[in-house]
Amino acid sequence: MAANTTNENSASLEKRVARLEARLHDLEDQEQIRECLARYGYAADLGRSEEWLDLWTADGVYDLDDAPYQGRDALTKIIMGGVHKGIENRCLHTVGNLFIRVDGDDAWAEGYSVVFFREREDDRYIPWSCGYNHWDFRRVDGEWKMVRRYRRAVGDKAWGGTVIAEYQKEAAR
Amino acid sequence: MAANTTNENSASLEKRVARLEARLHDLEDQEQIRECLARYGYAADLGRSEEWLDLWTADGVYDLDDAPYQGRDALTKIIMGGVHKGIENRCLHTVGNLFIRVDGDDAWAEGYSVVFFREREDDRYIPWSCGYNHWDFRRVDGEWKMVRRYRRAVGDKAWGGTVIAEYQKEAAR
Amino acid sequence: MAANTTNENSASLEKRVARLEARLHDLEDQEQIRECLARYGYAADLGRSEEWLDLWTADGVYDLDDAPYQGRDALTKIIMGGVHKGIENRCLHTVGNLFIRVDGDDAWAEGYSVVFFREREDDRYIPWSCGYNHWDFRRVDGEWKMVRRYRRAVGDKAWGGTVIAEYQKEAAR
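Residue numbers (this note's numbering), protein chains in the order written: chain P, 136 to 308; chain U, 136 to 308; chain Z, 136 to 308.
Here chain P stands alone, though its shape is the one from the complex:
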C-alpha cells in the first residue's frame, strides 16, 4: 500500500474519531444535566439552600406562575420562604420523563416533577405536587447551571389551558 493511501485512511479515521467525540460529548452533557436536576432535588430536600442557589446562574429565573422570581435575592426568598420551609426534611423532589437537547454551552430540557411529602398528622406520604417543566441551562466554568425553570402545576389553568392551546395552535399551522 502506498503512503498516500495510508494517509487517506488515516484522515478518514480521524473524521470518524472526531464524530465519536462529538456524539459522546453530547451523551455526557445530557447525563450532567440529569445530575444537575438530581442535585437540585437533594439540595432542596436536605435544606442545603446555598447549594440549591448555586445551581442557578446569577440571573436565573424561576417561573412558577404569573410573577417569575429572578436573580439570587428572589430565589433566596423561595428556598428560605414559608412554603419551602414547611415541607423541608419531609419532602422528596423527583424528576422524570426527561427530554434533553444540548447545543454547545446551551441546553434545554423538558420533563415532569413530582414532589412527595410526608404529612404531619398521620406520617403518610402523598404526591404533594405534580408539574410540567421546561428548563434552560447554560454551561458556566464547566458546570451546567439553570438559567430558567418554567413550571406549571398539572391540572391548573396554564397546564390544561394555555400550554395545550399553544400546542394546538402550533399544530394547526
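Hints in this document: simulated from the structure, not taken from any laboratory. Please note that a few of the clues may not be correct.
To be verified - Within a straight-line C-alpha distance of at most 27 angstroms, the following computed DSS-like cross-link-like pairs (lysine-lysine) qualify: (1) Lys212/P / Lys280/P; (2) Lys304/U / Lys220/Z; (3) Lys220/P / Lys304/Z; (4) Lys280/P / Lys220/P; (5) Lys280/U / Lys220/U; (6) Lys212/U / Lys304/P; (7) Lys220/U / Lys304/P; (8) Lys280/P / Lys304/Z; (9) Lys292/Z / Lys212/Z; (10) Lys280/Z / Lys212/Z; (11) Lys304/U / Lys292/U; (12) Lys280/Z / Lys304/U; (13) Lys292/Z / Lys292/U; (14) Lys292/P / Lys220/U; (15) Lys280/U / Lys212/U; (16) Lys150/P / Lys150/Z; (17) Lys304/Z / Lys150/U; (18) Lys292/P / Lys304/P; (19) Lys150/P / Lys150/U; (20) Lys304/Z / Lys212/P; (21) Lys292/P / Lys212/P; (22) Lys150/U / Lys304/P; (23) Lys304/U / Lys212/Z; (24) Lys220/P / Lys150/Z; (25) Lys304/Z / Lys220/Z.
Stated by the list, open to error - Derived CB-CB ranges, DEER-like: (26) Asp241/P / Glu170/U: 16 to 22 angstroms; (27) Ala146/Z / Gly206/P: 47 to 53 angstroms; (28) Asp200/U / Lys292/Z: 40 to 46 angstroms; (29) Gly206/P / Gly206/Z: 51 to 57 angstroms; (30) Val275/P / His160/U: 28 to 34 angstroms.
Ideal placement from N, C-alpha and C gives every residue a C-beta, glycine not left out.
Let chain P serve as the given structure and place chains U and Z on it in line with the hints.
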C-alpha cells in the same frame, strides 16, 4: 517504523473505532427509546392525540387486558375514549426503572409506569395507576415506534398471578 | 507527507481512541448500575427472592436503621419476612434522581426510592415509602453487585436530623 507496521496499526485502530461506533450507537438508541416513552407521556397528558398515535407503528398493539387493541382505529378509541378524556389535562404519565435492549432496528424495554391524577373533588394528587410493562419497538424511517405495549396493573390477577407464575416456572426449569 | 509524520498522527489518534474507550466504558457502567437497580425492583415486586438475593455480594449490607442486615442469611430474612411478604405482588419499587460514580470495579450511587403499594381495603395506590439512599457497588465476575445500601426514610430522625446535620457540619468547615 516500516509502512507495513503502520498499516497493521491502522487496521487495528480501525477495528477499535468500529467497535466504539457500535457501542455508542447502542447507548444513543437506548436514549431515543427513553425519549419515545417521554413523548408518549407528554402527548397523552397534553391531549395531543395525533402525536400519541404517531408513536405507534401502523399495526401497533396495546395489550392492556384480555382484549388487546390493535391498529390505529383501535388505538384512537383508547386515546379519544371516556377513560382517557376523564383524566386528560389533570394527569401525569411517568415511566421508570427502564431496562432496554436494542438489536438493529428492533428493541424491547421493560419498566414501570405510574400515572398521577389530580382529583376533581379536593384538587389533591394521587397515584392513579401503577403498572408493569413490556414494550416492543421497531425503527421506522429512523424513528423508534411502539410495536406492542403489554401492561398489567400492579395488584391485579395477571401481575400477582400469571406474570409471577411464569417467572417461577422459568426459574424452576 | 513523510512516514514519520504519519506515525505521529497515528499515535495521537490512538490516544484519542483510548480516551473514548474509557469515557464510553464509564457511561456503560453507569447504565449497568441503573439496570441493577431496576432488576432489584422487579425481583422484589415479582417475588423473585433468589434473584433479589443474587444482586448483593456475599457480604452485602442493607443498612435500613440502627441494626444493619449483613450477608445472605440476614438479607433472606428481609425478603422472606413479614413486612415484605405483606406488600409483595401489590407493590412497585422505583428509584430516581440517580447520581452515579464509577471507579474501576467499584462504584457508588445516590438517589431516591419510592415504593408504591395497592391497599387491600379500597384497591387504591399510595406512596407507601419514600427514601434517601446511598449504594456501594462492586463488579464481581463482570456483574455489578450491591455491597451496601444505606437507606433512610424521608421525614424520619436520620433524614431530617442526622443526615442534614452532617451536611451542615461539612458545609461549615
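Do the hints match the structure? See the list:
no.	hint	result
1	Lys212/P / Lys280/P	19 angstroms, holds
2	Lys304/U / Lys220/Z	20 angstroms, holds
3	Lys220/P / Lys304/Z	20 angstroms, holds
4	Lys280/P / Lys220/P	23 angstroms, holds
5	Lys280/U / Lys220/U	23 angstroms, holds
6	Lys212/U / Lys304/P	24 angstroms, holds
7	Lys220/U / Lys304/P	20 angstroms, holds
8	Lys280/P / Lys304/Z	25 angstroms, holds
9	Lys292/Z / Lys212/Z	25 angstroms, holds
10	Lys280/Z / Lys212/Z	19 angstroms, holds
11	Lys304/U / Lys292/U	17 angstroms, holds
12	Lys280/Z / Lys304/U	25 angstroms, holds
13	Lys292/Z / Lys292/U	38 angstroms, violated
14	Lys292/P / Lys220/U	17 angstroms, holds
15	Lys280/U / Lys212/U	19 angstroms, holds
16	Lys150/P / Lys150/Z	15 angstroms, holds
17	Lys304/Z / Lys150/U	52 angstroms, violated
18	Lys292/P / Lys304/P	17 angstroms, holds
19	Lys150/P / Lys150/U	15 angstroms, holds
20	Lys304/Z / Lys212/P	23 angstroms, holds
21	Lys292/P / Lys212/P	25 angstroms, holds
22	Lys150/U / Lys304/P	50 angstroms, violated
23	Lys304/U / Lys212/Z	23 angstroms, holds
24	Lys220/P / Lys150/Z	51 angstroms, violated
25	Lys304/Z / Lys220/Z	40 angstroms, violated
26	Asp241/P / Glu170/U: 16 to 22 angstroms	19 angstroms, holds
27	Ala146/Z / Gly206/P: 47 to 53 angstroms	50 angstroms, holds
28	Asp200/U / Lys292/Z: 40 to 46 angstroms	44 angstroms, holds
29	Gly206/P / Gly206/Z: 51 to 57 angstroms	53 angstroms, holds
30	Val275/P / His160/U: 28 to 34 angstroms	31 angstroms, holds
Violated hints for the displayed structure, listed by number in ascending order: 13, 17, 22, 24 and 25.
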